[in-house]
Amino acid sequence: MELLAFGKTGWGDELFYATLMTIAVSVTAMLIGFIFALIFTPLKLSKFKSLNLIGNFYTTVIRGVPELLVIYLFFFGGSGAIMYVASIFGYFEYIEINAFITGSMAIGIISGAYSTEVFRGAIQSIDKGQFEAAKVLGISKFAQFYKIILPQMLRLAIPNLSNVWQITLKDTSLISVTGLVEIMRQSYIAAGSTRDPLFFYSFAAVLYLLLTYLSMKLINKLEAKYSRGY
Amino acid sequence: MDFDLMITSFPKLLSATVVTLKLLSASLFFGLFIGLFFAILRMNKNILVNKFAYGYSYVFRGTPLLVQIFIIYFGLGQIEYLRSTILWVILKEPYWCAIIAFTLNTGAYTSEILRSAFQTIKPGIIEAGKSLGISNKIIFYKIQIPIAIRQSLPAYGNEIILMMKGTSLASTVTLMDLTGVAKYIISTTFKPIEIFIVAGGIYLFMTFLIHNLIKFLEKKYSFQ
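These protein sequences, in sequence, are chains A and B.
All residue numbers for the first sequence refer to our numbering, where the first residue is 1 and numbers rise by one.
All residue numbers for the second sequence refer to our numbering, where the first residue is 1 and numbers rise by one.
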């Protein structure tokens, strides 16, 4: 137990901050994923074949390639890409991007592919009459989406989004390969310096279980809120 | 774009794909048995047995695969007792540790898939078997299992693809699978995009094959 003490003698506080880091990366990645989903869901549902193709390319490639490979692409290629863009604007110094940003971008793009599929499925399962009724009533396209489609869509999407959240949360453990100090990386450091990997990795597993358990509780509440009236 | 690098690295990545496929097939093979075993336990009426099977699938589905590999590869070696047993022959090899972790992980997901497949079998089918005087054992093996396999094909296809992506984590315990070799080439040449296209292309091709295989099986074993 003294291994988990807070302060200089134990790893309690380090692991606590690492857990906060995991939560921060997961939330950021999930939000980045939503932004990607907002861009790619309309593309997938568009009438134009070429836009469909772009949307399908994104979701197929990202969901068909291992997460670790995507993370390596961002880890090794991220600063190169930024430097290339900067060089166009006449900036030639070395730019290093922080591990938090690369990590959450990589995980965000992965989570975005899953979110896109969830949103697409949810919108497609809304009754066509809802769109038509809104049109007939002369409601503007914007109000149509925010007041009619979105609330119905969220109810359908939340159970599947909770799966996406679980996947995202677990995927953040892979960012440890880039050196960002989240649960997995901190356990690796602690296991290395105390020579007690079994304890620290098991404790990491417990932390992840706790996070998934607590987030499920929270999501169930959200689900109940959005299913009012059903 | 460095096309020469893409061409020269292709054979290296292709031979690493063999390692990935070996890991995948071994863990799917063992995982299917573990999954079936725990799915049967889940349907047991004894609450303790039931809770045990639930706990197994909850823990393995609720924690990242990376943690599971690290516990088995780095953690188990720490137990002095294990080092003296015959098990150590297996546990000191990263290859077998990865397979054990993948097997236990896919077993947990498979048990959930099979359990829900068993539960969707209409009671009428089992009753029909009973009224024909077929023994419980034969009902299970000849009626329930074939129907459950058909029911679970789409979900199991997804699990195979997820597991194929999961085998990339073997590279974190020094195994040179497709991702491992890709990372090695990237870190020596600093050409991430080219290697990503080649390695990602191989993964996508495998996903494509698995997807179509499952579609074919679904059609072949459909009820209509």
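Because the hints were derived from the structure by calculation, they are not lab data.
Treat each hint with caution, since some may be false.
[Stated by the list, open to error] Listed next, the in silico DMTMM-like pairs over lysine to aspartate or glutamate satisfying Cα-Cα at most 25 Å (straight line):
| no. | chain 1 | residue 1 | chain 2 | residue 2 |
| --- | --- | --- | --- | --- |
| 1 | A | Lys-8 | A | Asp-196 |
| 2 | B | Lys-12 | B | Glu-93 |
| 3 | B | Lys-191 | A | Glu-96 |
| 4 | B | Lys-215 | A | Glu-117 |
| 5 | B | Lys-51 | B | Glu-159 |
| 6 | A | Lys-47 | A | Glu-132 |
| 7 | B | Lys-219 | A | Glu-93 |
| 8 | B | Lys-92 | A | Asp-196 |
| 9 | A | Lys-221 | A | Glu-93 |
| 10 | A | Lys-217 | A | Asp-196 |
| 11 | B | Lys-92 | B | Glu-80 |
| 12 | A | Lys-128 | A | Glu-223 |
| 13 | A | Lys-141 | A | Glu-117 |
| 14 | B | Lys-191 | A | Glu-132 |
Status of each hint after checking the structure:
1. Lys-8(A) <-> Asp-196(A): holds (17 Å)
2. Lys-12(B) <-> Glu-93(B): At roughly 23 Å apart (the allowed maximum being 25 Å), Glu-93(B) and Lys-12(B) satisfy the hint.
3. Lys-191(B) <-> Glu-96(A): Holds. Lys-191(B) to Glu-96(A) sits at ~17 Å (cutoff 25 Å).
4. Lys-215(B) <-> Glu-117(A): holds (19 Å)
5. Lys-51(B) <-> Glu-159(B): Roughly 23 Å separates the two Cα atoms, so the pair holds.
6. Lys-47(A) <-> Glu-132(A): Holds - the C-alpha atoms of Glu-132(A) and Lys-47(A) are around 17 Å apart, at most 25 Å.
7. Lys-219(B) <-> Glu-93(A): Violated, at about 58 Å.
8. Lys-92(B) <-> Asp-196(A): holds (17 Å)
9. Lys-221(A) <-> Glu-93(A): violated (49 Å)
10. Lys-217(A) <-> Asp-196(A): Violated: Lys-217(A) and Asp-196(A) sit about 32 Å apart, past 25 Å.
11. Lys-92(B) <-> Glu-80(B): Holds, at roughly 13 Å.
12. Lys-128(A) <-> Glu-223(A): holds (23 Å)
13. Lys-141(A) <-> Glu-117(A): With a Cα-Cα distance of about 22 Å, the restraint between Lys-141(A) and Glu-117(A) holds, given a limit of 25 Å.
14. Lys-191(B) <-> Glu-132(A): violated (51 Å)
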